[in-house]
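Engineer: Assemble the whole structure, with the sequences as input and the hints as a guide.
The sequence shown begins at 1 in this note's numbering and counts up one residue at a time.
Think of the hints as simulated: they come from the structure by calculation, not from any bench.
Among the hints, erroneous ones may be present.
Unchecked claim - Quick list of the computed label-pair ranges, beta carbon to beta carbon: (1) E123 - R90: 34 to 44 angstroms; (2) D37 - I169: 41 to 51 angstroms; (3) G162 - F190: 52 to 62 angstroms.
Stated by the list, open to error - Subject to a maximum C-alpha distance of 27 angstroms in a straight line, what follows is the list of computed DSSO-like cross-link-like pairs (lysine-lysine): (4) K197 - K2; (5) K208 - K229; (6) K9 - K93; (7) K229 - K212; (8) K229 - K9; (9) K10 - K160; (10) K208 - K2; (11) K198 - K229.
Using N, Cα and C, we set each Cβ at its ideal position, and we do this for glycine too.
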Amino acid sequence: MKELYQEIKKQSENADAILIGASNGLSISEGYNIFADDNWFRENFSDFRSRYGIHSILEGSFYHFPSEETKWAFSSRLISRKCYQEEPSRMMKDLHDLVSGRDCFVVTSNTEDHFVPAGFSREQVFEMEGRMTQSRCASGCCEDVYENREDVLRMAEAEKDGLVPSELIPRCPRCGSPLTVNFADSQAFFQTSHFQKKMQEYQNFVRKYHGKSLVILEFGVGWRNRLIKEPLMQLTASEPNAFYITFNKGEIYIPDEIAGRSIGVDGDIAEALHNILTLN
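Structural biologist: And the structure:
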């Protein structure tokens, strides 16, 4: 395994640029599992679990709560604790250190906004399914998005018995409707100007390094994923100087056509990144 890690480190250090693709497996390695009825969820949402039968972050994010006060109680508690109050993890710092000094771009379906606090610039990161640290008009009167730190922390502090005070519900400055968390809850999300702008930046990055040494680092993306994994594999196949490195626990998929320019790491992502960074 040490030789494998050495090759990954060498490829990353010698690259002209690095393209990162990340999905739920990366979050799970960091301890944030949106699908699980795990200890973290039970410790932080036992009241919502018993009252509404919600057994995961994902269920809660799409649950039809009886009121905006209840909906934002769940959302503000989640966002404040997972996005604003946690320090960047060692895993995310290791990832940033691995690519430090190279031009880099991140495409991710994770919405918890953990790349920027770890040192990546906002311009480097494309959250393809939105991010929890932004809000937008629930009625869709416009495409404006708003950073929600102040609103979220204010609501989380004032929440009591699973309710946020009505006067703290954030509202659209254009139409007065409640705001909602800015993540992809319909196909309309992918048609917004914000999504299209970031998609253009992604494509511009790929064009910039056409024909050059591009290392693709993929973290925790399932083999059926068409939003991130399929385009990254196709890019590797079309770029003769691209090198594809995929990390995933229990599920490594590399097509035969790119196997000669690929590495698969089956195991805990956090552990693998730390081992790569601490090689002698």
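Engineer: All the hints need checking, so say for each whether the structure fits it.
Structural biologist: So, going through the hints one by one against the coordinates:
A C-beta distance of roughly 24 angstroms is found between E123 and R90, which places it outside the suggested range of 34 to 44 angstroms. Checked against the hint of 41 to 51 angstroms, the pair D37 and I169 fails, with Cβ atoms roughly 28 angstroms apart. The beta-carbon spacing between G162 and F190, approximately 32 angstroms, falls outside the hinted interval of 52 to 62 angstroms. With a C-alpha separation of about 40 angstroms, the suggested pairing of K197 with K2 is violated against the 27 angstroms cut-off.
As the CA atoms of K208 and K229 are separated by approximately 20 angstroms, the hinted pair is consistent with the 27 angstroms bound. Between the alpha carbons of K9 and K93 the distance comes to roughly 16 angstroms, so the proposed pair stays at or under 27 angstroms and holds. Simply put, K229 and K212 have alpha-carbon atoms about 20 angstroms apart, close enough for the 27 angstroms limit, and the pair holds. As the CA atoms of K229 and K9 are separated by approximately 21 angstroms, the hinted pair is consistent with the 27 angstroms bound.
A hinted pair counts as satisfied when its Cα atoms are at most 27 angstroms apart, and K10 with K160 does not qualify at roughly 52 angstroms. A threshold of 27 angstroms between alpha carbons decides the hint, and for K208 with K2 the separation of about 32 angstroms lies outside it, so the pair is violated. About 18 angstroms separates the Cα atoms of K198 and K229, which keeps this hinted pair within 27 angstroms; it holds.
The earlier numbered hints that this structure contradicts are 1, 2, 3, 4, 9, 10.
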